[in-house]
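Peer 1: Sequence:
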Amino acid sequence: NERVAGSEDDEAAVNEYLADFATSSGLILDKPLWEIHVLRAHNSMILRIHHSLGDGTSLLSMLLALCRKADNPGHLPTIPSAKRRRCDGSFWCRALRFLQM
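With UniProt numbering applied, the sequence shown corresponds to residues 1 to 101, in that order.
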(Lines of atoms letter the chains of each structure in order from A and count residues from 1; the text may use other names and numbers.)
(Lines give C-alpha, C1' and ligand atoms only; values in the text may rest on other atoms or scores of the structure.)
Protein backbone atom coordinates (compact mmCIF):
# COMPACT_ATOMS: atom_id res chain seq x y z
CA ASN A 1 0.00 0.00 0.00
CA GLU A 2 1.66 3.19 -1.21
CA ARG A 3 1.25 6.37 0.82
CA VAL A 4 0.56 9.56 -1.13
CA ALA A 5 2.98 12.24 0.01
CA GLY A 6 1.65 15.66 0.84
CA SER A 7 3.06 18.86 -0.65
CA GLU A 8 5.19 19.53 2.45
CA ASP A 9 6.72 16.04 2.21
CA ASP A 10 7.38 16.57 -1.50
CA GLU A 11 9.00 19.94 -0.89
CA ALA A 12 11.19 18.52 1.88
CA ALA A 13 12.23 15.58 -0.31
CA VAL A 14 13.12 17.84 -3.24
CA ASN A 15 15.01 20.23 -0.94
CA GLU A 16 16.98 17.32 0.51
CA TYR A 17 17.80 16.06 -3.00
CA LEU A 18 18.89 19.56 -4.04
CA ALA A 19 21.09 19.93 -0.95
CA ASP A 20 22.83 16.63 -1.72
CA PHE A 21 23.05 17.56 -5.40
CA ALA A 22 24.54 20.99 -4.68
CA THR A 23 27.28 19.57 -2.47
CA SER A 24 28.11 16.67 -4.78
CA SER A 25 31.02 16.76 -7.18
CA GLY A 26 30.65 18.88 -10.29
CA LEU A 27 29.97 17.83 -13.82
CA ILE A 28 32.10 15.08 -15.33
CA LEU A 29 34.22 16.79 -17.98
CA ASP A 30 34.29 13.88 -20.46
CA LYS A 31 30.48 13.96 -20.71
CA PRO A 32 28.10 16.75 -21.81
CA LEU A 33 28.32 19.89 -19.70
CA TRP A 34 24.71 19.64 -18.63
CA GLU A 35 22.58 17.23 -16.62
CA ILE A 36 18.85 16.76 -16.25
CA HIS A 37 17.48 14.99 -13.19
CA VAL A 38 13.79 14.11 -13.31
CA LEU A 39 12.11 13.45 -9.98
CA ARG A 40 8.91 11.84 -11.22
CA ALA A 41 7.53 11.11 -7.77
CA HIS A 42 7.71 14.83 -6.98
CA ASN A 43 6.81 16.25 -10.42
CA SER A 44 10.12 18.08 -10.52
CA MET A 45 13.05 18.50 -12.86
CA ILE A 46 16.52 19.71 -11.96
CA LEU A 47 18.73 21.15 -14.67
CA ARG A 48 22.47 21.62 -14.09
CA ILE A 49 24.31 23.56 -16.79
CA HIS A 50 27.98 24.50 -16.88
CA HIS A 51 28.48 28.26 -17.05
CA SER A 52 30.65 27.94 -20.17
CA LEU A 53 27.56 27.04 -22.22
CA GLY A 54 26.20 30.58 -22.03
CA ASP A 55 25.92 33.78 -20.08
CA GLY A 56 23.19 34.37 -17.53
CA THR A 57 20.83 36.05 -19.98
CA SER A 58 21.07 33.35 -22.65
CA LEU A 59 20.73 30.52 -20.12
CA LEU A 60 17.69 32.18 -18.55
CA SER A 61 16.18 32.68 -22.02
CA MET A 62 16.71 28.99 -22.74
CA LEU A 63 15.11 28.02 -19.44
CA LEU A 64 12.08 30.21 -20.17
CA ALA A 65 11.79 28.66 -23.63
CA LEU A 66 11.76 25.22 -21.99
CA CYS A 67 8.87 26.32 -19.74
CA ARG A 68 6.38 27.04 -22.52
CA LYS A 69 2.84 25.78 -22.11
CA ALA A 70 1.80 22.96 -24.43
CA ASP A 71 -1.46 24.73 -25.34
CA ASN A 72 0.35 27.92 -26.44
CA PRO A 73 3.91 27.06 -27.54
CA GLY A 74 4.40 30.40 -29.29
CA HIS A 75 4.01 32.36 -26.06
CA LEU A 76 7.18 32.56 -23.98
CA PRO A 77 6.94 33.13 -20.23
CA THR A 78 8.37 36.42 -19.03
CA ILE A 79 9.99 37.66 -15.86
CA PRO A 80 8.79 41.07 -14.73
CA SER A 81 11.53 43.66 -14.63
CA ALA A 82 12.56 45.07 -11.29
CA LYS A 83 11.14 48.47 -10.52
CA ARG A 84 13.68 51.17 -9.82
CA ARG A 85 13.49 52.78 -6.45
CA ARG A 86 13.10 56.51 -6.43
CA CYS A 87 16.18 58.51 -5.66
CA ASP A 88 15.90 60.58 -2.49
CA GLY A 89 18.30 63.22 -3.86
CA SER A 90 21.21 62.33 -1.59
CA PHE A 91 24.74 62.41 -2.96
CA TRP A 92 25.16 58.60 -2.92
CA CYS A 93 21.82 58.03 -4.57
CA ARG A 94 22.63 60.47 -7.39
CA ALA A 95 26.15 58.99 -7.76
CA LEU A 96 24.77 55.46 -8.09
CA ARG A 97 22.15 56.67 -10.59
CA PHE A 98 24.94 58.24 -12.65
CA LEU A 99 26.96 55.01 -12.62
CA GLN A 100 23.95 52.99 -13.77
CA MET A 101 23.65 54.97 -17.00
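Please keep in mind that the hints were generated in silico from the structure rather than gathered at the bench. Predicted model only: the values in this text are computed from it and were never measured. Do not take every clue at face value.
Beta-carbon label-pair distances, calculated as ranges [unchecked claim]:
1. 11 to 97: 35 to 43 Å
2. 75 to 42: 20 to 28 Å
3. 31 to 59: 15 to 23 Å
4. 89 to 27: 47 to 55 Å
5. 91 to 63: 14 to 22 Å
In this text, a Cβ means the ideal position worked out from N, Cα and C, and glycines have one as well.
Peer 1: All hints are to be evaluated individually against the structure, with a verdict given for each.
Peer 2: The hints, checked one at a time:
1. 11 to 97: 35 to 43 Å: holds, 40 Å
2. 75 to 42: 20 to 28 Å: Hint holds: Cβ distance 27 Å, inside 20 to 28 Å.
3. 31 to 59: 15 to 23 Å: holds, 19 Å
4. 89 to 27: 47 to 55 Å: About 49 Å separates the Cβ atoms of residue 89 and residue 27, which means 47 to 55 Å holds.
5. 91 to 63: 14 to 22 Å: violated, 39 Å
Consistency with the previously given hints fails for number 5 only.
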